Amino acid sequence: MSHDLGTLLPAWWTIPFAGMLLSIALFPLVAPRFWHHHYPKVALFWGLVLAVPFLFIHRGQAVHHLLETILAEYIPFLVILWALYTVASGIVVTGSLRGTPLQNMLIIAIGGAVASWIGTTGASIVLIRPLIRAISWRKHRAHTIVAFIFVVSNAGGLLTPIGDPPLFLGFLHGVPFFWTLHLLPEMLTVILPILGLYYFFDRRYYRREEQRESTGESRRPGIAGGQNLLLLLGIVASVVASGAIHLGSLNILGVENDVAGLFRDLALIGIGLISLKITPHTLHQENQFSWGPIKEVAILFAGIFVTMIPAIAILRAGEEGALRGVISMAHEPKNYFWLTGMLSSFLDNAPTYLTFLNTALGALEPGKIEAEAMHHLLTTHAHFLQAISCGAVFMGANTYIGNAPNFMVKSIAEEAGIEMPSFFGYMIKYSIPVLIPLFLLVTFISFR
Numbered sequence: 297m298s299h300d301l302g303t304l305l306p307a308w309w310t311i312p313f314a315g316m317l318l319s320i321a322l323f324p325l326v327a328p329r330f331w332h333h334h335y336p337k338v339a340l341f342w343g344l345v346l347a348v349p350f351l352f353i354h355r356g357q358a359v360h361h362l363l364e365t366i367l368a369e370y371i372p373f374l375v376i377l378w379a380l381y382t383v384a385s386g387i388v389v390t391g392s393l394r395g396t397p398l399q400n401m402l403i404i405a406i407g408g409a410v411a412s413w414i415g416t417t418g419a420s421i422v423l424i425r426p427l428i429r430a431i432s433w434r435k436h437r438a439h440t441i442v443a444f445i446f447v448v449s450n451a452g453g454l455l456t457p458i459g460d461p462p463l464f465l466g467f468l469h470g471v472p473f474f475w476t477l478h479l480l481p482e483m484l485t486v487i488l489p490i491l492g493l494y495y496f497f498d499r500r501y502y503r504r505e506e507q508r509e510s511t512g513e514s515r516r517p518g519i520a521g522g523q524n525l526l527l528l529l530g531i532v533a534s535v536v537a538s539g540a541i542h543l544g545s546l547n548i549l550g551v552e553n554d555v556a557g558l559f560r561d562l563a564l565i566g567i568g569l570i571s572l573k574i575t576p577h578t579l580h581q582e583n584q585f586s587w588g589p590i591k592e593v594a595i596l597f598a599g600i601f602v603t604m605i606p607a608i609a610i611l612r613a614g615e616e617g618a619l620r621g622v623i624s625m626a627h628e629p630k631n632y633f634w635l636t637g638m639l640s641s642f643l644d645n646a647p648t649y650l651t652f653l654n655t656a657l658g659a660l661e662p663g664k665i666e667a668e669a670m671h672h673l674l675t676t677h678a679h680f681l682q683a684i685s686c687g688a689v690f691m692g693a694n695t696y697i698g699n700a701p702n703f704m705v706k707s708i709a710e711e712a713g714i715e716m717p718s719f720f721g722y723m724i725k726y727s728i729p730v731l732i733p734l735f736l737l738v739t740f741i742s743f744r
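First residue of the sequence shown: 297, per the numbering used here; consecutive thereafter.
Please keep in mind that the hints were generated in silico from the structure rather than gathered at the bench. Since the model is a prediction, treat every value here as computed from it, not as a measurement. Check before you lean on any hint, since a few could be wrong.
[Said to hold, decoys possible] Simulated pairs of lysine-lysine, DSS-like, Cα-Cα distance not exceeding 27 Å:
| # | residue 1 | residue 2 |
| --- | --- | --- |
| 1 | K664 | K630 |
| 2 | K725 | K664 |
| 3 | K435 | K725 |
| 4 | K337 | K725 |
| 5 | K573 | K591 |
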């Protein structure tokens, strides 16, 4: 997005973006039936509200930036999500799981450890059903699902661009693949206390259980669909290679596309198709596999990516843009951590990450081309990017709508008969008393 365009656009151009995000946040709460049937129309509405006047007023520039957003950002973003979702859905954890506090904690810890490498979506899909099966006999179960959301669906995805969608967007904008490994101390600061608190409270609940787990024949834990584990490694290798190999660029419809990135996307599509071909139908049935979740992501993110174009342009203009007030609020790493995180709690963390990444680039490196600005941000102001990354990934756990896997895990649990807390019950009983103190601790340790 050109710096000049960002200086010309008034702040009201961000209204469709705000409308799109507020629709995602509020409609599932106030009109769930309407949203379930008509969310594609809502996304199309906000997309057209932005695109029609934008194209009419800015013509060639607008066409170029719409194509750039679709070809260079939206499609790669969707491809990796689709590949992870497809391959992970072909993996089934088998065996007898007893639902003891230690076993439950270990399942959640394992999910947190692998989430950065198979994605929070992939780890959630692979492990939530074995965990539900393990606690099926338990009376108190909701706290286990909430701990799973905290660790597996959110915080565990902090260490690589595969882990969580916002980090993959950062990777597409020039953040090196292994840079996020520097965030391991922050991740452990959040995950280890959650695991400890979970084990403490689950032991108390476990002692109150009147029924005990089945003492029938037990089966050792195992994995069905193991061939998909190799395909997951193929996804990781494809993403790493695309960041390490430089093959130049290719002009497609006036947009410069990285050739290595194009090969990565083709490889990911191929890996997903191979998984569909070689995975037995029975495994998909056991995982209750459907295209519904990925379809919803594709439609909603199409609206998000289109409507956020002006907001990104204005933020990239820095103090010369119409959103200079936002930039003036975010002048230290701790500000970026909390601003990014609070918005990620109620909106989607991927566009929120991208918004504040561009805010930082606009504030710290105004007027520079993105590659130069990103290099200088990484070498001189790395704490700002660390704060943005942690805020987006961690605080997506504050609400059900903060990160896509949260709602997915909640829905799967409710289908299994687990009574989950309401939207505000989740916050009041779990996220505010548990997560907010941990985020204050992260601020004190890392972002003072």
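A quick look at each hint next to the structure:
Straight-line distance between C-alpha atoms of K664 and K630 comes to about 24 Å, which keeps the hinted pair within the 27 Å bound. At most 27 Å may separate the alpha-carbon atoms for a hinted pair to count; K725 and K664 exceed this at roughly 45 Å. Straight-line distance between C-alpha atoms of K435 and K725 comes to about 18 Å, which keeps the hinted pair within the 27 Å bound. As the CA atoms of K337 and K725 are separated by approximately 34 Å, the hinted pair breaks the 27 Å bound.
For the hint linking K573 to K591, the alpha-carbon distance of about 20 Å falls within 27 Å, and the restraint holds.
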